[in-house]
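Line by line, the protein sequences are chains C and H.
Residue numbering for the first sequence follows my numbering, starting at 1 and increasing by one per position.
Residue numbering for the second sequence follows my numbering, starting at 1 and increasing by one per position.
Warning: the hint list may mix true and false statements.
No distinction is drawn between identical chains; accordingly, a pair holds when it is met within one copy or between any pair of copies.
Using 27 Å as the maximum straight-line C-alpha spacing, the simulated BS3-like pairs for lysine-lysine come out as follows [unchecked claim]:
| hint | residue 1 | residue 2 |
| --- | --- | --- |
| 1 | K276 | K191 |
| 2 | K296 | K208 |
| 3 | K118 | K403 |
| 4 | K350 | K403 |
| 5 | K71 | K403 |
| 6 | K300 | K208 |
| 7 | K145 | K403 |
| 8 | K145 | K86 |
| 9 | K350 | K71 |
| 10 | K71 | K300 |
| 11 | K147 | K191 |
| 12 | K48 | K300 |
| 13 | K441 | K403 |
| 14 | K37 | K441 |
| 15 | K296 | K191 |
| 16 | K53 | K403 |
| 17 | K139 | K276 |
| 18 | K276 | K152 |
| 19 | K191 | K300 |
In case anyone wonders, no lab produced these hints; they're calculated from the structure.
2 protein chains.
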Amino acid sequence: MTKNIFIIGAGRSTPSLIKYLVDCSIEENFKLKIGDKDFSFLPSELSKHNRVKTIFFDVCDVSQRELEIEKSDLVISMLPAHLHLKVAKDCVKFQKPMVTASYVSQEIRDLHPEAIQKGVLLLNEIGLDPGLDHMSAMKVIDEIKAKGGIVKGFKSFCGGLVAPESDTNPWKYKFTWNPRNVVLAGQGVAKFVEEGEYKYISYHQLFKRTLSLRVLDYGTFEAYANRDSLSYRTIYQLEDIPTLFRGTLRRPGYSEAWDLFVQMGLTDDSYEMNVKGMTYNTFFTSFLNLEDRSIKECLKADFGTSDQVIEKIEWLGIFEDNNVELTQASPAQVLQNLLEEKWNLEIDDKDMIVMQHQFTYELQGEHHELHSSLVFIGVDQIQTAMAITVGLPLAIAAKLILKGQITAVGVHVPVTKEMYQPILAELESLGIRFIEEDILKV
Amino acid sequence: MTKNIFIIGAGRSTPSLIKYLVDCSIEENFKLKIGDKDFSFLPSELSKHNRVKTIFFDVCDVSQRELEIEKSDLVISMLPAHLHLKVAKDCVKFQKPMVTASYVSQEIRDLHPEAIQKGVLLLNEIGLDPGLDHMSAMKVIDEIKAKGGIVKGFKSFCGGLVAPESDTNPWKYKFTWNPRNVVLAGQGVAKFVEEGEYKYISYHQLFKRTLSLRVLDYGTFEAYANRDSLSYRTIYQLEDIPTLFRGTLRRPGYSEAWDLFVQMGLTDDSYEMNVKGMTYNTFFTSFLNLEDRSIKECLKADFGTSDQVIEKIEWLGIFEDNNVELTQASPAQVLQNLLEEKWNLEIDDKDMIVMQHQFTYELQGEHHELHSSLVFIGVDQIQTAMAITVGLPLAIAAKLILKGQITAVGVHVPVTKEMYQPILAELESLGIRFIEEDILKV
């Protein structure tokens, strides 16, 4: 019997998801309907495939939404996170499973009892991060627990970077995902636990307090703390773990340079400046107390800026008289505007996803350290590593739900063996594979 | 004929205001009615004076509010700023002049046409800062303009500090006003103009970029920038002035030490920590990456903290194991809790208000610099310098309005000669006197 999959959203992260489902559509007897207002990110071999139908879809049109959800067998929502709720409610109402890559909101969590009662699964956080991180971490945690070990420490790192062959600027970074999120990353406070003590890192310390790590044979990375590590104690059932830390990966040197922008206030998004007629040079110096000094002298004296950082910001063209070409904008928007010019992926560039979990655990009186690492490089500018690692877990989960191999009901994230085992196995067959290294410590 | 003054609010800043009006109540034939729920800040010789009546008053009780305002000849609102609007609307309705020491909100500004039509004056920003700063600055600005000079620069500084004889701790600071405002001071961004260029100082640079100045024979002070200097261009009719800066005064060394708290994130009020069972020592170290170092070693290495700053924070007891005695609190609340213990005014302490305006102007081709400075020391813990310098401008303005010597109608701040001239003259007779020094620059 034909299974109808309704995919809401056809943006940048959908081609890999759709390609996977198209590729298995004959064997599994899937038909795909994709609803959006813009299909420009979708390659024509997918949008014109005979098992694919694209429709103009407005999620806020209640009657269209209800009609399409009722006609489908499963819904994949690729909408911005705040729009999932409308879809989720209809999915519960019409008893259709829903799959998303977004963090579960409290409103969606509140649908749990009703979803159970209706026998419907709402599966969230099944992309890359959140998603693949949950599954790969829970696999190791369950294995350690199964052999009688006690997890004492868990540090987990993830980053969307450029592949080594595309690593061509002094920042060793290009935008492979939402630029605005990169510019605003880390605002607020980072919380974690270390040897049983709560630790807080304010935004203005965040990029100074990086950790260094090596991942497989891809060299050295640095990590700054994510905002919320604490909630993972509950999600991963590690309530009493003494050390739990999550961080974001960059190549060494990035954080020191980014920190200058943070210290100067260039990442502030809370007010607008009048930047009409400003150049990047005058924008930059409006945050400095230059007196009679050159910009470099001022940075070195007032911010302790190193030559490596000067090189990076000079490369951005900040000392040049190029026009900002905005009128009213927050400092963060001006900075983003500049970075979007400089950190764009070239047509031949490939991106790279790097993830590493570091566990410490005790087993029969001995201390172990286990690293589980993934590096995945994109195919091209459409099948990016980001799109593939977000899209494939979603697609595989959808397939397994429709085949009756995932049977949970209610609101879930993929932390149970029933989910992570078959999904990780299939991802591995597709080349998304974690390498585990277990070291006995003396 | 008796004039009935209705004063709403009997808090910490009212005794000086009320004393002035009581002292002239027989000569001017004033009767005072004071409405509040708590009169504990009011000395009994004032509350029991035969020209004073205190009533239990709830500003949100519409019928009581309307009744009392209608029966009065003038209303002085000492309410928190967000409550003035209700009073202002009734004052317009019943054609009663109103006086406040608060910044004019947009909602009150919007009453201007109606107030003019009803022939009512709503006079705001007539305390210390805002208030005395407006009047003393406008006097100089008008004088420079009157003799044909052009104002090229205006820097204005104000601080509430302790008198030299009460300056007994290494911070050279004690709370003489709302502690919460002191802890949160400067959050956001400071904007000003300097030699025709817009300048922005982010919160994390604010306490590093201080100016140094001397005021009369009271020694040296340092100033950090206030958030909004730009709006004063309009208020003072200095639209095209190349340099305009407003700052807050502290004694030298304060800002460098406070900056450590800012950099560590201890002034963050945006999230709550679980501080149950914490000592100030563990609270402090939860923001540090101690590793195997002592707190002092960590501060010196990671924050470049000087010995002078170490001395100041050590004096606060931050390295000791005293209990925080809170359960859930933001870092800023914990810090405030500690400072309220340490920076409290002793019974014999006196406070001190310091204000300085620095003008540069051109006159007949010559460059002048003019400083106008005020230092005012409080009498005791009730008649503080803060309460006197806030209360007397309010009280004098109220008297002059009732005597018909201030005749403006509409919504105003005291920047016109009609207002500032008689008020400054009377303040001078009461010992609140600006010293002017004009220097011809070569």
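Up to 27 Å CA-CA - K191 versus K147, copy category: neither (31 Å within a copy, 61 Å between copies)
Up to 27 Å CA-CA - K403 versus K145, copy category: neither (30 Å within a copy, 85 Å between copies)
K71 and K403: within-copy, between-copy, both or neither at 27 Å Cα: Answer is within: at 18 Å inside a copy they meet the 27 Å cutoff, but 80 Å across does not.
Intra- versus inter-subunit Cα pairing at 27 Å for K37 with K441: neither (56 Å within a copy, 68 Å between copies)
Up to 27 Å CA-CA - K208 versus K296, copy category: Both. Shortest intra-copy (20 Å) and inter-copy (18 Å) distances satisfy the 27 Å Cα cut-off.
27 Å Cα threshold - placement of K191 relative to K276: between (39 Å within a copy, 17 Å between copies)
Same-copy or cross-copy closeness of K350 to K403 [CA-CA at most 27 Å]: neither (34 Å within a copy, 80 Å between copies)
Alpha-carbon proximity between K350 and K71, which holds within one copy, between copies, both or neither at 27 Å: neither (38 Å within a copy, 78 Å between copies)
Within, between, both or neither, where K276 and K152 count as close if Cα-Cα is 27 Å or less: Between copies only: 24 Å across chains, 55 Å inside a chain, cut-off 27 Å.
Alpha-carbon proximity between K48 and K300, which holds within one copy, between copies, both or neither at 27 Å: Neither way: K48 and K300 sit 57 Å apart in one copy and 64 Å across, limit 27 Å.
Homo-oligomer pair classification [K403, K53; C-alpha up to 27 Å]: Classified as within; 22 Å inside a copy, 82 Å across copies.
Up to 27 Å CA-CA - K86 versus K145, copy category: neither (39 Å within a copy, 64 Å between copies)
Of the numbered hints given earlier, the model fails hints 4, 7, 8, 9, 10, 11, 12, 13, 14, 17; all others are met.
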